[in-house]
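Participant: Single-letter residue listing:
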Amino acid sequence: MTDLTNLGVKAIRDGVAAGDFSAREVAEAFNANVAAAADLNAFIVTTPEKALEAADAVDAARAKGETLGKMAGVPIGMKDLFATQGVQTTAASHILEGFIPQYESTVSANLWAAGAGMLGKLNLDQFAMGSSNETSYFGNVISPWRKQGSNAALAPGGSSGGSSAAVSARLCPAATGTDTGGSIRQPAAFTGITGIKPTYGRCSRWGVVAFASSLDQAGPMARSVEDCAIMLEAMAGFDPKDATSLDLPVPAWTANLSADLKGKKVGIPREYRMEGTDPEILDSWERGKEWLRDAGAEIVDISLPQTKYALPAYYIVAPAEASSNLARYDGVRYGQRELPEGAGLQDMYAATREAGFGDEVKRRIIIGTYVLSAGFYDAYYNQAMKVRTLIAQDFAKAFEQCDVILTPTTPTAAFPLGDKLDDPLAMYLNDVFSVPASLAGLPAMSVPCGLNQDGLPLGLHLIGNQLDEQGVLNAGLAVEQRAGFVAQPEKWW
Amino acid sequence: MSIDRATVAKIASLARIEMTEEELDRLAPELSGILDWVEQLGEVDTSAVEPMTAVIPNTLRLREDVVDADPLTGGNVRDKVLANAPAAEHGFFGVPKVIE
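Chains B and E, in that order, give the protein sequences. Here the first sequence is numbered in our numbering, starting from 1 and rising by one per residue. Here the second sequence is numbered in our numbering, starting from 1 and rising by one per residue.
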C-alpha cells in the first residue's frame, strides 16, 4: 500500500470516496507523522482524537451512502490563529495561553462541515507578526529543509511557519494559513509548497484572531494548485458575521482549472527587479516567463510605479491597526492577567501586557500607537492610506494591460534562524514582493518552481485582479506543470 | 525623525505596556530607525489623493432587527462570555478596585 501521508487533498478525498482506504487509516497515518515530528515544533497543540472523530464520521457517512463533502476524509492542520471551540487558541502568544474558545471560527467550521478533520493547532509568529516564525511564545518552528551539507536550522517562513513546515514535512496534506503582508506566500515559497491568499473578503475573518483587519485574509496551503483550489472552495463564502465579507457565491475554481493560457497576458512589473535580489531568484523569474509563454500567454512589461512605497506604507498601516486590535488584551475578559501586589486597574493593564506580549508584538503596538497619536496621524497614517490608494490604482492600471502578474515570491531562499532577528528592518524587507498585493486586497499565490544551488526551494508569485482567483490558479497550474517540482526535504527529524 | 526615550516611555504608557529602563534604551533607536525608513512616504505627492477606506468595494449591511437572530452573536450566553475571564465573580468580570 502506498504511504498515505504522501497523498494530497484530492487523492485522499477521492481514495476515501472510492473505498481504496478509509478516512480512519488516513487520520492514523498523519497522526503518527505528527507525533514523530516534535523536533520541528510545528504544532502548539495536537488533537489526534479530533482527527479520528472526523474520519470516523466520514467513514460512517460513506457506509450509509451519504454525499461526502469537498474535504471528506482529509485531515488538516489549523493555524493557531483560528478560534476552535474547546481547543486552546493562543495566536502563539503568552497572553492567550490557556484560552479555550467557546465558539468556532467560520473558516474552520466551513472546513469541518466539508468533512475535514483537525490534526492540531499549528505554531506561528506571535499574533502573526513575523517572517521567520521566531516570535512565537511556544518556540521557533524549524524548517524541515536544510542546506545541502549543513545541519543549520532554517526559518520555515512566517507567519504561517507551522503550516508550511507541517505540509512540507508530510505531517498534513494541507493547512490553513492567514496572510496579512505575505504570511501564506513567503512560508510557502521557503518550504516548496503552494499557498494562495484570496481576494480580501472571500474568507470570513470571524473567529480569526485579528492582526490588521483591513489586510488579514485566510487561505489554504497545500502541495498542489488543485489541492489549494479545492480547499479554498471549502473555506470561502459569505458570512454575515464579518462586515467585510463579500456577498458573492463561491466560484467553481477546481472545475474551471485550466493551464491553457492562450490569449492571456502576463505582466512583468519592472519595479520588482530590485537591488539585493538573489541572482538565482532572478533566473527562476526568467524561467517562469518562459513557462507561461509556453502555456500560450503573451509576456508584457508593466509598471507599478509606487512599488517602493508599499513596504513603508504597510509598516504604518499594519502596526496602526494592530495597536487598536490588540487593545482588547487587558487581563479582564480573557487571557492571562498579571496583578502585582497592590496594583490598581491601570497598573494591572500595563503589567499584563508587559508580561503577555513578546518583543515584536510590543514593537508594533508602540509604532502603531505612535503613528496614530495626536499630531502624527496625518503625517503617518493618513499619508500611508493615501499611498495605499495609489498602490491600488497602480494595479488597476496594470490590469488594463495584463490578466495576471508574475514576480518572485521572496528576494532570497530560506535564511537561517537567528539571521535577521536583531534587525527588524532586514526582516521586514523579506515581504517586499508580497506586500503590495496585500495593500490592494488582490488574490495572490506562491507556487514552487525549483531548488537553488543549496538545494532550497524557490517560489514564483502570481498576482491577479480583484476576484480573479481563477486567473491566478490557472497561471499557477501552468507554472506547476512545467516546473515539475517533486523535491522533498530529507527526513532528519 | 529620531525619537527619544521620553517619547517611547510616553507612547508605552498610552499603549498600557510597562517597560523597563533597559527596554526603553533598546527601543528608542530601533523605533527611530523604523520611523526614518517609513518617512520616505513623505516624498509621494498625495495632494489629490483620497485615503483608502475600503480595499474592495463593498456595502455595509444591516442585520435583521431581530433579537438573537444569530445564536452565535446574540445574547443570553453570560457564562460563555465569562468562561475565559481570569477573575469572574458573581456573573461579572472582576477587576482591582478602581474607586477609593
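What the hints contain is simulated information worked out from the structure, not anything from laboratory work. Remember, predicted model here, so these are calculated numbers, not experimental data. Ideal Cβ placement from N, Cα and C applies to all residues, glycine included. Be aware that a few hints might be false.
Selected chain E positions facing chain B (in silico; Cβ < 7 Å) [what the hints assert, rightly or not]:
| no. | residue |
| --- | --- |
| 1 | Ala15 |
| 2 | Ile17 |
| 3 | Leu24 |
| 4 | Leu41 |
| 5 | Thr46 |
| 6 | Ser47 |
| 7 | Ala48 |
| 8 | Met52 |
| 9 | Leu62 |
| 10 | Val66 |
| 11 | Val67 |
| 12 | Arg78 |
| 13 | Asn84 |
| 14 | Val98 |
| 15 | Ile99 |
DSSO-like mimics (lysine-lysine), calculated; alpha carbons at most 30 Å apart, straight line [to be verified]:
| no. | chain 1 | residue 1 | chain 2 | residue 2 |
| --- | --- | --- | --- | --- |
| 16 | B | Lys70 | B | Lys10 |
| 17 | E | Lys10 | B | Lys420 |
| 18 | B | Lys241 | B | Lys265 |
| 19 | B | Lys265 | B | Lys397 |
| 20 | B | Lys289 | B | Lys147 |
| 21 | B | Lys362 | E | Lys97 |
| 22 | B | Lys420 | B | Lys308 |
| 23 | E | Lys80 | E | Lys97 |
| 24 | B | Lys397 | B | Lys262 |
| 25 | E | Lys10 | B | Lys362 |
| 26 | E | Lys97 | B | Lys241 |
| 27 | B | Lys420 | B | Lys491 |
Participant: For this structure, which hints from the list above don't hold up?
Facilitator: Of the numbered hints, 3, 6, 7, 9, 10, 11, 12, 15, 18, 26 do not hold.
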